[in-house]
Amino acid sequence: MACITMGVAATAATAAKAPKHSQLRASASSLHGAARLSVPGRGARGSSSRAKRACTTCALPSYVMSKLDATRTTYKQLTMQLADPEVAADAKAYTKISRESAALTETIETFDRYQETVQALADGKEMMGEASGDPEMLEMIKEEQKELNQELATLEEQLTLLLLPSDPLDERNIMLEVRAGTGGDEAGIWCGDLMRMYSRFAENEGWKVSMASSAEADMGGYKEVIMEVTGFKVYSKLKWEAGVHRVQRVPATESGGRVHTSTATVAVMPEVDEVDVQVDPKDIEMTTARSGGAGGQNVNKVETAIDLIHKPTGIRVFCTEERSQLKNKIRAMEILRAKLFQIQMEEQMAEISSRRKLQVGSGSRSEKIRTYNYKDNRVSDHRAKENFDLNNFMNGSIGGAIDALLAIEQQDKLEELAEELAVGQI
0 MACITMGVAA TAATAAKAPK HSQLRASASS LHGAARLSVP GRGARGSSSR
50 AKRACTTCAL PSYVMSKLDA TRTTYKQLTM QLADPEVAAD AKAYTKISRE
100 SAALTETIET FDRYQETVQA LADGKEMMGE ASGDPEMLEM IKEEQKELNQ
150 ELATLEEQLT LLLLPSDPLD ERNIMLEVRA GTGGDEAGIW CGDLMRMYSR
200 FAENEGWKVS MASSAEADMG GYKEVIMEVT GFKVYSKLKW EAGVHRVQRV
250 PATESGGRVH TSTATVAVMP EVDEVDVQVD PKDIEMTTAR SGGAGGQNVN
300 KVETAIDLIH KPTGIRVFCT EERSQLKNKI RAMEILRAKL FQIQMEEQMA
350 EISSRRKLQV GSGSRSEKIR TYNYKDNRVS DHRAKENFDL NNFMNGSIGG
400 AIDALLAIEQ QDKLEELAEE LAVGQI
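Each residue of the sequence shown is one higher than the last, beginning at 0 in numbering that gives the first Met the number 0.
Accuracy of the hints is not assured; some may be wrong.
What the hints assert, rightly or not - Only pairs whose alpha carbons sit at most 25 Å apart, straight line, appear in this in silico DMTMM-like list of lysine to aspartate or glutamate:
#1 K95 with D83
#2 K328 with E270
#3 K238 with D411
#4 K238 with D380
#5 K232 with E408
#6 K412 with E156
#7 K232 with E418
#8 K374 with E253
#9 K66 with E414
#10 K66 with E129
#11 K326 with D279
What the hints assert, rightly or not - Here are the computed distance ranges between Cβ atoms for each label pair:
#12 S131 with S165: 46 to 52 Å
#13 D375 with D111: 46 to 52 Å
#14 G205 with S97: 15 to 21 Å
#15 E215 with G255: 22 to 28 Å
Note that these hints are calculated values from the structure, not bench results.
The beta-carbon is built from N, C-alpha and C at its ideal position, and this holds for glycine as well.
Given the sequences, and given the hints that come with them, work out the whole structure.
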């Protein structure tokens, strides 16, 4: 036993029938079809007259161009802050600003390519006039203009998607909690299967996984397990996994060959630090105990385990994963802060959705987000309304489901952006 915790407007009708990813692309394109405006004074070369003429080919709506200009200003300010010796001396501030800057880098680089393409199109038009007497040269320029226009359309869509509002927590690492739900011993085994599935996905993504806490089940698997997952934009992908995961299969514990239904609940908690969540030491009741289990004589003879209770909420964390009392105390506080932050998020976003309780619920069979059917080798995501190959899924290939859910979210945001554009043109 280790740590235990308790306690843009719709597109044409044909697009509506297309796959979700096709609809997403069509919706992004519709933003420009509905609001194609020339934007004077913007091009790849700043204030030059050629750049101003180039911008007559700009297809991005003025609303989007304004947001891009504001993003570039913010990016420059963040870059200047990173060069400030005082910021460099403050590790937390430097890390925070670095994350914010990194989150804007792709948008700025794409905007630069967009402006360069606009400029190249303007240059090509000038060359066409100069090459009017050379049919071969004229044909070459026309072919290049065709390719540039295709590239411009692609960049427009990319920029629109990049400017959609993002979850400020997307850049963070997470604590991933998997807890056995209904189903007895099989639920514990299923909990362990999900833990291995997420570990494989994290490995495929190049992320680092470390065990934060665990409570093993009697027949294998876990009653509860918490993993720390660190890497690039971990929360942005795994946040979709929060909820109840239902499995239908013949358990290893079943001698009659009958199919059983069991569940496990998954909670995804973004990492937090002392700045995000301040815990009053007076609210903490902490005791020590011997860890027991593997780890040598130290953990068996010395009280390295930490039993922590947060009195206002009743949250309990019992941590024995580390081999020293200090490390277990640090780990227990990390888990506590993550859980308290989760509660804060639920309270702040109660009107639209909670990030844990309403997603995870009580663990009953009816509150499911995904069903894993072993007989049919099928995984059904009930939010995306799509099916996936079970063998691949359990081996960590869950990216298809994540992408489908991301497409749905982006579709909704594109429609909201289209409404804003429509209001702005009235």
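Right, here's what the structure says about each hint:
1. Under the criterion of a C-alpha separation no larger than 25 Å, the hint pairing K95 with D83 is consistent with the structure, at around 14 Å.
2. Between K328 and E270, the direct Cα distance comes to roughly 16 Å. Compliance with the 25 Å bound is thereby established for this hinted pair.
3. Under the criterion of a C-alpha separation no larger than 25 Å, the hint pairing K238 with D411 is consistent with the structure, at around 17 Å.
4. About 14 Å separates the Cα atoms of K238 and D380, which keeps this hinted pair within 25 Å; it holds.
5. Simply put, K232 and E408 have alpha-carbon atoms about 17 Å apart, close enough for the 25 Å limit, and the pair holds.
6. Taking the CA atoms of K412 and E156, the gap is near 14 Å; set against the 25 Å cutoff, the hint holds.
7. Between K232 and E418 the alpha-carbon distance is near 29 Å, which puts this suggested pair outside the 25 Å criterion.
8. With a CA separation close to 15 Å, the supplied pair K374 and E253 stays within the 25 Å bound.
9. Taking the CA atoms of K66 and E414, the gap is about 17 Å. The hint holds against a cut of 25 Å.
10. Taken as a hint, the K66 and E129 pair is broken in the structure, with Cα atoms around 36 Å apart against an allowance of 25 Å.
11. Among the hinted pairs, K326 with D279 is consistent with the structure: their alpha-carbon atoms are about 20 Å apart, no more than 25 Å.
12. Checked against the hint of 46 to 52 Å, the pair S131 and S165 passes, with Cβ atoms roughly 48 Å apart.
13. In this structure the hint that D375 and D111 lie 46 to 52 Å apart at CB holds, the actual value being about 49 Å.
14. For G205 paired with S97, a C-beta distance near 19 Å keeps the hint of 15 to 21 Å intact.
15. In this structure the supplied range 22 to 28 Å holds for E215 paired with G255, their Cβ-Cβ distance being about 26 Å.
Comparing the model with each numbered hint stated earlier shows that hints 7, 10 do not hold.
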